[in-house]
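Enquirer: Residue-level listing of the chains:
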Amino acid sequence: MAQLQAQRPRPALHGAELEAQMRRSFLRHPGEKVIVATLWLCGTISLITTLLIIETLFVETIDFFREVSISEFFFTTDWQPLFEPQSFGIWELVAGTLNVLLWSLAIALPLGLAAAIYLSEYAHPRTRSLLKPALEALAGVPTVVYAFFALTVVTEDILRPLLGDDRVPIFNAFSASIVMAIMILPTIASVSEDAMSNVPRELREAAYGLGSTRLEVATRVVFPAALSGIIAAVLLAIARVIGETMIVAIAAGSTPNLTMNPLASVQTMTGYMLQVGLGDAARGTVDYTSLFAVASTLFVFTFFTNVAATMIINRFREAYE
Amino acid sequence: MATPSAPTEFSLRATGRVARRQALSRLSRYVLLGATLIAVFVLIYLAIDVVRTGWSRISMDFFTNYPSRRPLDAGLRSSLLGWVWLMGAVIVMAIPLAVGTAVFVEEFAPKNRLTSLVRLNISNLAGVPSIIYGILGLAVFVRGFELLGITIIPALGPTILAGALTLTLMILPMTVIASVEAIRQVPPSIRDGSLALGATRWQTVWFHILPGAMPGIMTGVILAVARAAGETAALIMIGAFAFIAFDNTSLNESFTTVPIQVYNWTTLPQEDFRKNAAAGIIVLMVLVLGLNLIAVIIRERFRRT
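Chains A and B supply the protein sequences, listed in that same order. For what it's worth, this note's numbering labels the leading residue of the first sequence as 3, then goes sequentially. For what it's worth, this note's numbering labels the leading residue of the second sequence as 5, then goes sequentially.
A few of these clues could be false.
Per the computed footprint, the stretches of chain B lying under chain A, defined by three or more beta-carbons under 8 Å from a beta-carbon of chain A, are [unchecked claim]:
#, segment
1, 109-116
2, 176-186
3, 228-239
Pairwise CB distance ranges (calculated) [unchecked claim]:
#, chain 1, residue 1, chain 2, residue 2, range
4, B, M64, A, S131, 35 to 43 Å
5, B, P100, A, T129, 37 to 45 Å
6, B, D77, A, L229, 14 to 22 Å
7, B, D77, A, A39, 38 to 46 Å
8, A, L229, B, L124, 22 to 30 Å
9, B, P100, A, V302, 46 to 54 Å
10, B, S72, A, N316, 51 to 59 Å
11, A, V61, B, P100, 26 to 34 Å
12, B, M64, A, W42, 27 to 35 Å
Simulated from the structure, these hints should not be mistaken for lab results. Computed from a predicted model, the values in this text were never measured in an experiment. Each residue gets a CB set at the ideal place from its N, CA and C atoms; glycine is no exception.
Construct all of the structure, not just a fragment, from the sequences and the given hints.
Expert: Dropping the structure here:
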C-alpha cells in the first residue's frame, strides 16, 4: 500500500483546476478548432439543402400562382400546358401518379409481404443469406434499366401479345406499374422483414406451445405484432413510387388522363416534370414555373408520406426496447 | 408417473382439422418461397433479355465512337468520359462531406434540439425524390443563386460541376446515414480509452473511430455512388441532355452520361437504337451491380459478430 501511494506523486485535479488543464491541452492543438469548425459547416449543409429546396420550390410556385389562379390549379381537372388555351388543373397528373401507385401496390404488396414472411419465419439462415442480397440487388438496378424493361419486355413482349394490340397502347400505366412493383418489392420485403425479426421470440414460442402451425404463427402472431413496421415499409415504398421518374416517363406515356384504368396512357407528376426538363422552357414563362408548382405538389406528397413512415418507425422501435 | 402400460394404437400423426391446418402450413412454405423467387427470376430474365438484345453491339467501336444519328455508328465514348468525370467529382466531394457530417452528428454536435433537427432532416432528405434534387440543381447550381442581390452561387450552366454538386447533395443522406451507423458500431470503450489517455476528440476520431468505422462507411459510400452512377432524371432536369461529340477535359463543360444515353436510345423508334440501349444497359449493369457486389463483400468481410 505504501508503495502504491508513493507512485502517485501528483494529487488528482478537481473542478476548475481540471477544466483549466483540459483547456490548456486543447490549446496545444490549434488545428483542432479549425477541424471542429469545418465539421460544423458539414453538419449545416444538410439543413441548407432543405432550406434551398423549400426556397426554390416556394419562390417559383408563387410566380406560377401570379399567372394561374389557385382555384384553377386545385379545382379544375384539365392539364393542358402545351396548347392554347392552356389550363393547369393538377388532378390529371395526380390521377396518373395514383393510377401507377394503386396498381404497383396491388402487385408489390402481396409479393413483398410474402417474401418478408418467408425470409423472417421460414427460411433457413443460409437460404436467407442468399435470397436477401439477391432481393436487394433489385433495389440497386438503375431506374432507366427498369424503364427499358417496362417498354420493351413488359409492354411489347408480354402485355400486347397477351391482351391484344388494340386494347394495350404502347405507352400504358400497367407496364410501368408492374415494373415499379418489382422495384419497390425489396423495400417492402426488407423493411418488413426487419420489423418481423424484431418481434420477441417469446411471442412465437407461446403460440407454438399452444399448438399453432408455422403459418398461423406467422400470420396471426408475428404479422400483427410487426404491423407498424410493415406499414412504415409500405409508406417508404409509396414515397418511392410517387417520386420515381424514368419508368413512368418512358413506359406510361405523356397524356394527362383522369383515370384509374391500368391500360390507359397516363402522365404522372414526375413524368410532366421530366417532359418540361427535356424541353428548354425559358425562365419566367408559365411553362417553367408550372414545373415548380408540380414539383411542390410532389414534394408535399412525398414529404408527408416519409414523415409518417419515420414517425411510425420511431414509435415501434420504442415499443420493444 | 403413471405405471407403464401396454402399447396402444397411439400415433402423433394429427387427424381431421389439425391435419388440415398442418398441411396448409406445409404448403404455405412453397407458396411463400415461390412469391419470393418471382422477383429474383425477373432480375435474371432482365439480365438475359438485355444481353440477348444488346450483346451483338458490344465491340471496341461501341466504346470509342461518339453518338450518332446512324445507330450502327453510335457509341458511348462521350457518355463514358462524361460519366468518369462526373463520378470522380461526386466521389471527391461526397466522401469528405458525408464523413464530416456523420462525425459532426455523432461525435461533436451538442446534444440539443438543433442536432436532433439535423438528424431528422437527414432522414427526411433521404426520402426526397431524385427529380426534386434535379430541380434544386437546375434552380441553384445551373441558374445560380442570389440572396438579397448578392450572388452566393454563380450560375454554372449545365456543366459537369453542376451535375456533380446536384448528385452529391442527392446521395448525401444515404452516405451520412451509413456513416453514422458505422460510427455507432465502434465500441464506446475505444473512444473512452483514447480520451482517457489524453487524446483530443479529433485525434480520437481520426486515429481510432474512423479506422474502425471505415468498412461500414465504404459500404455505404459505394452503394450511394452506384445509385448516383445510375441516376438519370436529376441530370436530365439540370439540362445534361445534349448531343456531345467531343471529349470532356474540364468540369466546366456540358456532358452526357451512360444512363442518359441509354434513355435517349430507348426513346428513339428504330430497332437498332434499341439494341444500342441494351448494350448501354449491359455496361451500366456491370458497373452498378459490380459496385453493389464490392459493397456486399466489404460488409461480409468486416462483419462484427
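Enquirer: For each hint given before, does the structure comply? Return the numbers of the non-compliant ones in rising order.
Expert: 6, 7, 9 and 12
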